[in-house]
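Q: Residues per chain, in single letters:
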Amino acid sequence: MRWPTLALGQPHWALGKGLLLRLGEALVTLLLLALLCFGLLRAAPGGPFDAERELDPARRAELIAAHALDRPVPEQFGHFLVDLGHGDLGQSFQYPDYRVIELLASGFAITGLLGGLALLAALLIGVPLGLWAGWRAGSGVDLGIRTASLIGLALPKFVLAPLLILLFAVYFGWLPAGGFDGNDWRSLVLPVTALCLPNLAGLVRLTRDGVIGILASDYVRAARARGIEDLALLRHHVLRPLLLVVLAWLAPALIAVITGSTVIEQIFGIPGVGRYFVQGALNRDYSLVMGVALSAGALIVLVNLLIDGGRALVDPRLRQPFDS
Amino acid sequence: MAAKPFFVLLALLMAGVLAAAETVPASSPSALRALRRGNGPEPSTLDAHRAQDLASHNVLRDLYEGLVSEDARGQLLAGMAERWEISADGRRYAFHLRRNLRWSNGEPLLAAEIVASFQRALSPATAAPLAPMLAVIVGARELAAGTGTVADLAIRASDPHTLLIDLVEPAPLLQLLLLPIAYPVYLPALARYGSRHTRPGNLVSNGAYQLLDWQPHALIRLQKNAHFHAAAAVAIADVRYLVTEDAASEQQRFRANDLDLTETVPPARRDRLQARFGAQLRISPYLGSFFLGLNLRAAVLGRAPALREALSLAIDREILTRYITALGETPAYALVPPGMADYPAPKMASAAWSQAARETRARQLYAAAGYRAEAPLTIEIRYNTSTPHRRLALAVAAMWRQVLGAKVVLRNEEWKSFVLHRREGRITQVFRGGWIADVEDPLSFLALFDGDQALNWSGWHDPVYRQWLAQARQADGGERQRLLAGAEQRLLDQHVIVPIYFYTSKHLVRTDVLGFEANPLDRHGSRWLHFAAPAGAR
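If you read the sequences in order, they're chains A and B. For the first sequence, the residue numbers in my numbering are 1 to 324. For the second sequence, the residue numbers in my numbering are 1 to 538.
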């Protein structure tokens, strides 16, 4: 028995239609997200021009008028959509020397690099370790790996990161304690490690449990009864279903490292997009918040779409939504 | 034949080395090593006229120079102007510019460009947050408000090297000219690049340094400006301002030798910091005042000066500064910090009393205001979310409960909500206040309570106070300071605020960074710093 391969008999137009439908859903989702964010931002007390040094009322009124913030909110939203249609997210209120799109581009590039490296490391280390632990479930190796992964899961990032800094930057002086230098790979080591470890620990446990589940399934027992060798069993009956488990983990993990890197970026002083999530909102930087929310939203939708597509390629049973 | 170009190249290289040696020896540590400065949050802008945050000002101070400048100790110094004259009535300043002034691109910098820069700084389109600071210049207020024209602005070039400025009233103009809004912005770049004129390659400045690189939220890198008139005296050639939003992380980076100088020090006991960092810890008085504001528009406080006094007296400032802030802050019994030249600093009458005497008096006043154990005062302290503010508010609440028996509600708010509510004054009672001086002038603090202006968070409108201020503004020298002191005494007698402590500036500075001097406005231009030669190299 072989694991079913991609059903080549599926008409391609159906797949394309399904994809178009999913894209349509994604657009509606993003529009609703934009509407919600826009409304919430305008409803939040205070505005971009509130600061410790209060502007005099005339100057404040001028600035508000200059940014059309005195117009009715639906009209402002309409203008926002028109500008968005032209690919313009506007100028940042807090950092007026930059356009939002520039800040997002540099932020996402750095966060993407950090997150990508962290996930890659988690995959390269976590899957083999989980596989090993699952294959040898109940052994000393399994116990050791499980204990280590439990510690990794229990240690929050805001504890782990300062610990790494203390150890490798302050005491040993091997690596920088913070900051980001695109020309120096050493500045990436600690943040990538801090971002990777919790993901690694989670992935190890997930892989281990996945392997145990697969090994207990009927088709594996049947294969074993036929006398299949371990390596062949692993290759033909374990790795493929395991890929589904890892793919299912990848989407939320990718989204989590990109949207949840705020803590790591703050501690290490990394100029990624994570800090715009918090600072944009705190500064009432309307244009930056909209840019961050929409781009993160688009990213989440896109990643989900790609991962669902990827899973559908591996497992035809999951192809239903794409065929509808 | 092949040897000839080699010798030409060698000769050129030697010439380059010798040329560099004329200014700062190429082998000096200051010429070779970059100064890495922690700078707090990301600077909001490098447009000198629009910047208002300290992080931007720190960088701009290195990039630009105004008509006057200041040394490492904060003493006034000639800047673009090599000398100046002030008229007998203190209302006309004549600045004589240096003949060798140049922009960082090598173009000559003349008086007309400085005038045009001031006009742009004060134009309503620029909406410069610090524009009101220059309102003492004739025509500046009207220009900024859109009711006047640039022709009416009394900043004029009488010749290419002389600038005349007329004031509405005598004022410490030289101090005001140290602010970034008075720096000359290179207008051709603004016209050509718009809001991108502050980018590396576009930004042309006139100070000790020029912009080399700006990676948002990471670093700003400056290099020595060879066209600066005092370039020969600038020791450090490469300065990097690193974004250090989190003070604890900044401290770790300092410990890991990633920084030479920090922007601040995270809250901690001074003795512990001293034990860990020794001479690297630099704490000094700072012209800043922390107080609790009282919203006089709130009925409970507005009509009850006795109650306001009771609340002030019940606070033990010694305990707050020793155990809560704990970084060398001094207890405050006034609004204006000590150290203002010629200022006969007034104090609250109770400043000389013992704390026990203050508390006894506080209880009497509290009772006289109609409150007692069965019917206590219920009052709210509102502060923006931050651990130091929360700790201080908790301690003050405990003191009010213990000494007076008042019920205190603590309310923390996210920053923008707090700022909005404090400005509106509709729901606030007691709120977190505080102010850092822009210039070394008592008016920098006292103007906060001047009637209708936006920073009057207390909503206090007192004709007597305003009269003192109005008279002071017309006066000069010692008489001005005496009148300002009269105004402050009035403010303190009316218990409009509860002074708590005077700020200190706090930095960690590596011991091999020399030239770092304490100064009241905590301004530390990189041009005054240099590195010590490594041990054994001297």
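A hint or two may mislead.
Said to hold, decoys possible - Quick list of the computed label-pair ranges, beta carbon to beta carbon:
hint, chain 1, residue 1, chain 2, residue 2, range
1, B, Leu77, A, Gly182, 32 to 42 Å
2, A, Arg53, B, Gln474, 21 to 31 Å
3, A, Leu124, B, Asn257, 40 to 50 Å
4, A, Leu166, B, Leu77, 55 to 65 Å
5, B, Arg401, A, Leu167, 37 to 47 Å
6, A, Val278, B, Arg196, 20 to 30 Å
7, B, Gly370, A, Leu32, 53 to 63 Å
8, B, Glu169, A, Leu31, 25 to 35 Å
It should be emphasised that the hints constitute simulated quantities derived from the structure, not laboratory data. Every residue gets a Cβ at the ideal spot worked out from N, C-alpha and C, and that includes glycine.
Q: Decide, hint by hint, whether the structure agrees.
A: Consistency of the hints with the structure:
1. Leu77(B) to Gly182(A): 32 to 42 Å: For glycine 182(A) against leucine 77(B), whose Cβ atoms are near 38 Å apart, the range 32 to 42 Å holds.
2. Arg53(A) to Gln474(B): 21 to 31 Å: holds, 26 Å
3. Leu124(A) to Asn257(B): 40 to 50 Å: The hinted range 40 to 50 Å is violated for leucine 124(A) and asparagine 257(B), with Cβ atoms some 32 Å apart.
4. Leu166(A) to Leu77(B): 55 to 65 Å: violated, 43 Å
5. Arg401(B) to Leu167(A): 37 to 47 Å: The hinted range 37 to 47 Å holds for arginine 401(B) and leucine 167(A), with Cβ atoms some 44 Å apart.
6. Val278(A) to Arg196(B): 20 to 30 Å: Holds, since valine 278(A) and arginine 196(B) (Cβ atoms, about 26 Å apart) stay within the stated range.
7. Gly370(B) to Leu32(A): 53 to 63 Å: holds, 55 Å
8. Glu169(B) to Leu31(A): 25 to 35 Å: violated, 57 Å
Of the numbered hints listed earlier, those contradicted by the structure are 3, 4, 8.
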